[in-house]
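Protein chains in written order, with my numbering: chain A, 4 to 118; chain B, 7 to 116.
These aren't lab readings, by the way, just hints derived from the structure by calculation. None of these values were measured; they are calculated from a predicted model. A couple of the hints might just be wrong.
Restricting the straight-line Cα-Cα distance to at most 25 Å, the calculated cross-link-like pairs of lysine to aspartate or glutamate (DMTMM-like) are [to be verified]:
hint, chain 1, residue 1, chain 2, residue 2
1, B, K108, A, E75
2, B, K108, A, E106
3, B, K108, A, E30
4, B, K108, A, E82
5, A, K60, A, D41
6, A, K56, A, E17
7, A, K73, A, E17
8, A, K60, B, E21
Chain A stretches covered by chain B per the calculated footprint, using a threshold of three residues with CB under 8 Å from any CB of chain B [to be verified]:
hint, stretch
9, 24-38
10, 43-50
11, 68-79
12, 88-95
Beta carbons are placed, not taken as given, at the ideal position from N, Cα and C, and that holds for glycine.
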Amino acid sequence: DAGITQSPRHKVTETGTPVTLRCHQTENHRYMYWYRQDPGHGLRLIHYSYGVKDTDKGEVSDGYSVSRSKTEDFLLTLESATSSQTSVYFCAITEFPGQNTGELFFGEGSRLTVL
Amino acid sequence: GIQVEQSPPDLILQEGANSTLRCNFSDSVNNLQWFHQNPWGQLINLFYIPSGTKQNGRLSATTVATERYSLLYISSSQTTDSGVYFCAVHSGGGADGLTFGKGTHLIIQP
Numbered sequence: 004d005a006g007i008t009q010s011p012r013h014k015v016t017e018t019g020t021p022v023t024l025r026c027h028q029t030e031n032h033r034y035m036y037w038y039r040q041d042p043g044h045g046l047r048l049i050h051y052s053y054g055v056k057d058t059d060k061g062e063v064s065d066g067y068s069v070s071r072s073k074t075e076d077f078l079l080t081l082e083s084a085t086s087s088q089t090s091v092y093f094c095a096i097t098e099f100p101g102q103n104t105g106e107l108f109f110g111e112g113s114r115l116t117v118l
Numbered sequence: 007g008i009q010v011e012q013s014p015p016d017l018i019l020q021e022g023a024n025s026t027l028r029c030n031f032s033d034s035v036n037n038l039q040w041f042h043q044n045p046w047g048q049l050i051n052l053f054y055i056p057s058g059t060k061q062n063g064r065l066s067a068t069t070v071a072t073e074r075y076s077l078l079y080i081s082s083s084q085t086t087d088s089g090v091y092f093c094a095v096h097s098g099g100g101a102d103g104l105t106f107g108k109g110t111h112l113i114i115q116p
């Protein structure tokens, strides 16, 4: 199994509070991703990183920011959580996106509830 | 961006039955994966298959890249096969992640 750890695994917070989710990998993979999963939508890309301090937006990036100061850690921050950000968040990693070795591996998910 | 459509959206079968899940995509791809999300929410890699055919036990997958579709076959279904099956693709040379279909929700009844 790919070494991917997400924390916290479960969190309940109130509207307007800041929230940070952490993804930690032990595989030394260059590429890391944050997805959210909602009923009826499958998984949608929030942000991704292609190296330390190199990040870019995905399909649903509004209201989220990310940071990657070390290869192994990718943080997702909700500056001011809203109820629409209640979701399950998945971190994923890959070595080579879009190439023959670009298999994507997922963490176990973080369930966030914003009241 | 690339569009991914999976069918059927829901499937209910008896234990022992066979099934075929389909994934259609709107553009050429250089990465296609099938995942199984179990009832506990874990996403498990089944196949990395941008083209060709692969088999792993009771599961097999075929991708016909020129016709822009992939099929996942499950034979002799077991209750543990229940869950949601996702197809995900990547197109082009960027580092952006896979685009997911909405999944097929499979229920295997004993």
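Hint-by-hint comparison with the structure:
1. B:K108 - A:E75: 29 Å, violated
2. B:K108 - A:E106: 19 Å, holds
3. B:K108 - A:E30: 28 Å, violated
4. B:K108 - A:E82: 28 Å, violated
5. A:K60 - A:D41: Holds, at roughly 19 Å.
6. A:K56 - A:E17: 29 Å, violated
7. A:K73 - A:E17: 29 Å, violated
8. A:K60 - B:E21: 43 Å, violated
9. 24-38: That given contact holds, which follows from 3 residues of the stretch 24-38 of chain A lying within Cβ reach (below 8 Å) of chain B.
10. 43-50: Result for this restraint: holds, n = 6.
11. 68-79: With 0 residues close enough to chain B, the hint is violated.
12. 88-95: holds (count 3)
Hints 1, 3, 4, 6, 7, 8, 11, counting from the list given before, are not met by this structure.
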